[in-house]
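Those sequence lines, one after another, are chains L and Z. Residue numbering for the first sequence follows the working numbering, beginning at 1 and increasing consecutively. Residue numbering for the second sequence follows the working numbering, beginning at 166 and increasing consecutively.
Since the hints were derived computationally from the structure, they do not count as laboratory data. Some clues are possibly wrong.
Not the full set, but computed from the structure, chain Z residues with beta-carbon under 10 Å of chain L [unchecked claim]:
id, residue
1, 203
2, 221
3, 274
4, 276
5, 305
Even for Gly, the Cβ is constructed at its ideal location relative to N, Cα and C.
2 protein chains.
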Amino acid sequence: MPQFKEDLSAGLKAGMRRLAASVCVISLRDTQGERHVMTATAVTSLSDNPPALLVCVNKGATAYDALQNRQPFCVSILHQSQQDISALCAGLTDSDDRFSQGTWQDNDSIPYLGDAQANFFCKTDNVVEYGSHIIAIGKLTEVYTADGEVEPLLYADGKYGQLPN
Amino acid sequence: MPQFKEDLSAGLKAGMRRLAASVCVISLRDTQGERHVMTATAVTSLSDNPPALLVCVNKGATAYDALQNRQPFCVSILHQSQQDISALCAGLTDSDDRFSQGTWQDNDSIPYLGDAQANFFCKTDNVVEYGSHIIAIGKLTEVYTADGEVEPLLYADGKYGQLPN
């Protein structure tokens, strides 16, 4: 069993390859009105009362400034067919080009992916800095969910996947 | 497409059924030395530098007091065969009985599940309260990972699952 005590950065990476997660995108406008979107797997439900979630975002990420400025945002759970959107929004393509794939719409000026598994619209209630990242706490303002089967896009061990049929 | 604006608690539940997550257990000792363990799916990687993760825990949970007291803890990613441990540690069984299944061991007095997919040993660096829950930020002190295939236990749509073979 591999053990890590000195190189904890390597330990975090090796261990987290075994934590399968659903792939989400975080989308919002900055204070100038420009749209941003980024892929994220560090998304969890946080609180029932008030209903809220959290996202962890690298301080170097495209959406960081707008989140830090507490702009309202949307977290969309990708469908298993949306691997191309995940790759595009995790890649080097910046700002508006990232919106070139997928059914993007606006809800109260917040861009969101119409055919995602779920869209959580959030107002930033708190931003906590820690090391290389921030935790943005989003208090829900509106939620859209898909009809039909539960079919999120998964990511584990450096690869995309899906739930078995 | 179902939309939720008034009943956001229902929206959170409905949307989060579509966020497949890996099932983890959080284990630790309280200040009296008594062991506690609880099932959690709200676990994410947080920071590369310093290497850290976070867990969200309900204020009513069995491990809450010990986490609030910043006791060191372990987050273990369950293997797909460990559904019984997940159920036991999420159920009504309290304290030591929850350790009746699985290969529990101690590392520097922190109880951990020897045959999990990964064990992240953490020192609590910060606790952030929000609504019904706390976010415990754990700075890594040691990591053990399993050998072999990546086979975490998944939870989505109210059911257990696993990655396709």
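Okay, the hints, checked on the actual structure:
no.	hint	verdict
1	203	violated (15 Å)
2	221	holds (5 Å)
3	274	violated (16 Å)
4	276	violated (17 Å)
5	305	holds (5 Å)
Of the hints listed earlier, those the structure fails to meet are numbers 1, 3, 4, in rising order.
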